[in-house]
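Please build the complete structure, drawing on both the sequences and the hints.
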Amino acid sequence: MLNPTRHGKDEQAATEESAGLSAQAFAAVLCEQISVLHDVSIMLEATLAAEVLEAEPLPPESLRSLQRLDFLRQSLKDLEVILKTVSPGLDWKTDYAPDEGELRHAVSMHASVDQIFPQQPSRSADKQDDPEVWL
Amino acid sequence: MALRDQLRIMVVDDMSTSRGVITQALDGFGIRNVASTSDGPSALKALASAPVHLVISDFNMPAMDGLQLLQHLRAGPKTKGVGFILITGKADKESIEQGRKLGMNNFLKKPFDPNDLRNCIEAVVGRL
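For the record, the sequence lines run as chains A and B. So in my numbering, the last one in the first sequence is 138, and the numbering has no gaps at all. So in my numbering, the last one in the second sequence is 118, and the numbering has no gaps at all.
Read the hints as simulated data drawn from the structure, not as lab findings. None of the values given here were measured: they were computed from a predicted structure. Every residue, glycine too, gets a C-beta built ideally from N, C-alpha and C. Each hint should be verified, as a subset may be incorrect.
[Said to hold, decoys possible] Which bits of chain B does chain A cover? Going by a derived footprint, with three or more residues having C-beta under 8 Å, they are: (1) -2 to 8; (2) 11 to 21; (3) 93 to 104.
Set out below in structure tokens:
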């Protein structure tokens, strides 16, 4: 059951927190998240490659999947580099600050937003440090 | 002697997984004379001393992309006639047209399977 009063307090707290969040800090968190995904893609690619490339004959669909993973890994690395490169020039437009409530509503996993906004005690029990758990 | 026994191929790709996919597929076709390098400059150096019949190169590579490698190959007296297949994830009209102008013999879009690769090679060198 939703508690409107509690929800209102959360939103107020989120607004106060996000007002102090710089665009560069926001970009740095996104870079970190992309880096984690990049690491995951490396593991997946290595595991799949070890099995697929030993198979005789080569399984066609697995080979295609391996190439898609290769593309995914490279793309994630490029996104991280691009974001890192442009982040010194990033800034919020006047009077804009990211809204935690809006972001939490938009994402599939709240953990994706936890790194952007500091953890609040009421959510600490939900914290998941191991990315494998999300997968 | 079958063509596959005589054919010498060089695979150029900066990604070890992609090189593995291609070289394993070539091995499956019975092509044993396969060299591989991770970048264009290394490929050019290797080809100067050990020429091949066909180069299979990725498009997106740091330092020198696949089309730049092709340009260098076509400019070299010893390598101007080598067959060239470009492997690309995009296969956009502009890149392919540029490749054709530079003398690319064929191209293959990722992701591909061994059968796609075989057909692509046979379109350049003949039945394996």
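Status of each hint after checking the structure:
Interface restraint, the region -2 to 8 of chain B with chain A: holds (3 residues with C-beta to C-beta distance below 8 Å; minimum three). Coverage of a stretch by a chain is defined here by at least three residues with a beta carbon nearer than 8 Å to that chain's beta carbons; for the region 11 to 21 of chain B and chain A the count is 4, and the condition holds. A count of 5 residues in the region 93 to 104 of chain B with a Cβ less than 8 Å from any Cβ of chain A is obtained; the coverage claim is therefore met, three being the minimum.
The structure agrees with every numbered hint stated previously.
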